[in-house]
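Asks: If you want the building blocks of each chain, they are given just below.
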Amino acid sequence: MADVLIPASADFLSASEAAVAAEGLDQVLAVRPDLESGLKQTLHSAKDRNPTNFVGELQTKDPDGFAELAEVVAGAYFMNAMVRAGIGYHGQVPRPIESRPDYLDEGLLQSVIDRGPIYRRTPRTKQHP
Amino acid sequence: MPSSQMNTEPDILIIGAGPTGAVAAKCFAEAGMHVSVLEQGDWPDYSKARADHPDFELTAGRYWSGNPNRRRAPADYPINDSESDISAVLYNAVGGGTVIYAAHWQRNMPSDFCVRTLDGVGDDWPLTYEDLQPYYERVELEFGVSGLAGDPAFPPGKGPPLPAGPLGPMGRRVAKAHNQLGWHWWPAPNAIATRAYGPLKPCTQRATCMWGCVEGAKASVDRTHWPQNIRRGVELITGARVRRLEVNHRGLVTGAVYVDRDGVDHFQKASLTVLAAGGIGTPRILLLSPSSKSPDGLANSSGLVGRRLMMHPFGTVVGLFQEDLGSTHGLWGQHLHCLQFYETDTSRGFVRGAKWGLQPTGGPLSMTRSYPWGDNPIWGSAFHTEIRKRLGHSAMWGIICEDLPDEQNRVVLDPVLRDSNGIPAPKIIYRMSENSGRLLQFHLARARESLEAAGAYETVVAPLIRETGWHLLGTTKMGNNPDHAVVDAWGRCHDVSNLYIFDGSIWPSSSGMNPTATIAAMALRCAEHLVGERRHHEPRCSRAIYSRRLGGCSDPGERRLSFGQ
Chain X
1 MADVLIPASA
11 DFLSASEAAV
21 AAEGLDQVLA
31 VRPDLESGLK
41 QTLHSAKDRN
51 PTNFVGELQT
61 KDPDGFAELA
71 EVVAGAYFMN
81 AMVRAGIGYH
91 GQVPRPIESR
101 PDYLDEGLLQ
111 SVIDRGPIYR
121 RTPRTKQHP
Chain Y
1 MPSSQMNTEP
11 DILIIGAGPT
21 GAVAAKCFAE
31 AGMHVSVLEQ
41 GDWPDYSKAR
51 ADHPDFELTA
61 GRYWSGNPNR
71 RRAPADYPIN
81 DSESDISAVL
91 YNAVGGGTVI
101 YAAHWQRNMP
111 SDFCVRTLDG
121 VGDDWPLTYE
131 DLQPYYERVE
141 LEFGVSGLAG
151 DPAFPPGKGP
161 PLPAGPLGPM
171 GRRVAKAHNQ
181 LGWHWWPAPN
191 AIATRAYGPL
201 KPCTQRATCM
211 WGCVEGAKAS
221 VDRTHWPQNI
231 RRGVELITGA
241 RVRRLEVNHR
251 GLVTGAVYVD
261 RDGVDHFQKA
271 SLTVLAAGGI
281 GTPRILLLSP
291 SSKSPDGLAN
301 SSGLVGRRLM
311 MHPFGTVVGL
321 FQEDLGSTHG
331 LWGQHLHCLQ
341 FYETDTSRGF
351 VRGAKWGLQP
361 TGGPLSMTRS
371 YPWGDNPIWG
381 SAFHTEIRKR
391 LGHSAMWGII
401 CEDLPDEQNR
411 VVLDPVLRDS
421 NGIPAPKIIY
431 RMSENSGRLL
441 QFHLARARES
451 LEAAGAYETV
461 VAPLIRETGW
471 HLLGTTKMGN
481 NPDHAVVDAW
491 GRCHDVSNLY
501 IFDGSIWPSS
511 SGMNPTATIA
521 AMALRCAEHL
531 VGERRHHEPR
541 CSRAIYSRRL
551 GGCSDPGERR
561 LSFGQ
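Just so you know, the protein sequences line up as chains X and Y, in that order.
With the first letter of the first sequence counted as 1, position 117 gets the number 117 in our numbering; the numbers rise by one all the way through.
With the first letter of the second sequence counted as 1, position 484 gets the number 484 in our numbering; the numbers rise by one all the way through.
To be clear, the hints were calculated from the coordinates, so they are not data collected in a lab.
Everything numeric in this text was worked out from a predicted model, so none of it was measured.
Careful, some of the hints might be misleading.
Sample of chain X residues at the chain Y side, in silico, Cβ under 8 Å [said to hold, decoys possible]:
#: 1; residue: I6
#: 2; residue: S9
#: 3; residue: F12
#: 4; residue: V31
#: 5; residue: K47
#: 6; residue: A70
#: 7; residue: M79
#: 8; residue: A85
#: 9; residue: I87
#: 10; residue: G91
#: 11; residue: Q92
#: 12; residue: V112
#: 13; residue: G116
#: 14; residue: I118
#: 15; residue: T122
Ideal placement from N, C-alpha and C gives every residue a C-beta, glycine not left out.
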């Protein structure tokens, strides 16, 4: 069923190649135990069904159940180190802010300043010089 | 009276340790007052912030979810939102909503304070932008706000203390596009430190601001205020859920009954009480505190306690770009803001407007979700292509729509639902107005044009989702006329002279801005006034008692009770 959601392509692994249904699932449920009962129910309903037909039906008839299944599958998939390397994603790693502000480049701000104040005047509003 | 011990009496009791309580407590403590604070939550547990773990995206919405009905932490109370278009989003902890806010630090604009005068809707505030401006400038120092002075969307004045965060590739694209369109933009103000500042460390653009800032760069008041407040002698009692306020025969508040973590009731005496529990928590406490003199809830002779709930309908438009924008990262937060369409133009078919904030879109799992991507197909054969299109190549406008006050939109006590201590839970009843609907559609269309002008080859208007009620405003309205307001211009309850409300509940209109800047500025203004009043001003009785005596208050005991002298 995971491969229905994430099949293989020329450049990227399928869900099963990324071990989504094996250690991936364990990893997901270890940090999101709240997803377990819904997933069990979905897997039970899918028993003996054609995966493609079942997933299509689930998406239409039970969007919340589908969203939960998709979260588990994609969650496991994107925790796989090979997958992450393949898409060039290294996590929410730190990227320190450079000291020179980029809004000073190319006179970007001057255009805004030149267009003048845009706030609405009230009886007590001070005006820009 | 509960059977447990009577706690010693502070000069002032604050209920709620979010931004309002934090700013007020700092002010009171600096004035030499003995301050006690009741907070039903605990300190945020940043060990559960997973930004530097592979499971970050998967786990972020669990512990750091803003919806208490989903989070269901021990400190949370349930909220019945079955009759609301929008679910309430809040955080019960030391730091309150600032723990999970995106830290968009937006001042209100001058017109926000006089919508009745200018647009014939809602109500004017009993103060102006100019009254509040010095307080904005001071709280921006307290919070270590980053931004840039000179934004032509606001009157001139001092800017925040830290430089604005970077525009980044997506911000520069949009800035250039807006310059071509002749539309406003400006480097965004954020309560996010771009350099080391007091207890705050410099932001490293992980784009995890709303799900536990691991750097300690986001100015949540559990970092910027409470440690310092405690060092100044403020007594912060966590795990303390207020059951009700107690009122004496004179109609004055004598303190609060609260339940501790073990379910034991306590009574915290107080001669002055400040409610800082937010747009749902504050009216809930008042409605839980009826008396023979105020059977419909404390301070409610106007009938407005709980009414006029405003929640800011929220819209999102995402643009897809060929260029790698690096938009997995950034300040989230906002990179720039746009106020081009903030002011009323009646030719648009609605009044008031909205603020836009340009944001990153996050990591790969976020690319698969129905928000903000709607039902645009991704699963199956399209999966890998769509991920490549979206990841790092997308930019997102978040749109905050002004909500007009409507007395039918309200917080009430649910007749059945209870929290874990058996206290009646709140129910919110809210319908988005026709004006808000038109306003939102107009702004979504303009935001789409903005991203297209910036080079987006495809745009996606996100579906409206329920869990966007971050801004809970208006439920104990401020105004000069006691018949039409719960508190006066300084947050003092018209009905109960020793009870104050400083939080977002008191807003007469909602503006179209993220509210924390104004909530903090108002808390400082009201707190300073209370300090000055306590020193210099003659006390007065509760409104009901004053009316009954016809000659005013002369009971010296009552004076003591009112002002803790």
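Asks: For each hint, tell me whether it holds in the structure or not.
Replies: Results of checking the hints against the structure:
1. The interface hint given for I6/X is met, as the beta carbon of that residue sits about 5 Å from the closest beta carbon of chain Y, less than 8 Å.
2. A distance limit of 8 Å between C-beta atoms decides the matter here; for S9/X the minimum to chain Y is near 4 Å, and the interface restraint holds.
3. A hinted interface residue such as F12/X counts as satisfied when its beta carbon comes closer than 8 Å to some beta carbon of chain Y; here the least separation is about 5 Å, so the hint holds.
4. Given hint, V31/X at the interface with chain Y, holds; its Cβ is 5 Å from that chain's nearest Cβ, closer than 8 Å.
5. Using the Cβ-Cβ criterion of 8 Å, the hint placing K47/X at the interface with chain Y is not satisfied: the shortest such distance is roughly 21 Å.
6. Annotation: A70/X was flagged as interfacial toward chain Y, and the flag holds, the nearest CB pair being 6 Å apart, inside 8 Å.
7. Annotation: M79/X was flagged as interfacial toward chain Y, and the flag holds, the nearest CB pair being 5 Å apart, inside 8 Å.
8. Among the interface hints, the one on A85/X is violated; its C-beta lies about 12 Å from the nearest C-beta in chain Y, farther than the 8 Å criterion.
9. A hinted interface residue such as I87/X counts as satisfied when its beta carbon comes closer than 8 Å to some beta carbon of chain Y; here the least separation is about 6 Å, so the hint holds.
10. With its C-beta approaching chain Y no nearer than about 6 Å, G91/X sits inside the 8 Å limit, and its interface hint holds.
11. Restraint check, Q92/X versus chain Y: the minimum CB separation of about 4 Å is within 8 Å; hint holds.
12. Taken as an interface hint, V112/X checks out: its beta carbon lies about 6 Å from the nearest beta carbon of chain Y, inside 8 Å.
13. Restraint check, G116/X versus chain Y: the minimum CB separation of about 6 Å is within 8 Å; hint holds.
14. Checking I118/X against chain Y by beta carbon gives a least distance of about 5 Å; that is within 8 Å, so the hint holds.
15. Hint status for T122/X relative to chain Y: holds, with the closest Cβ pair at about 5 Å, below 8 Å.
The structure shown violates the earlier hints numbered 5, 8.
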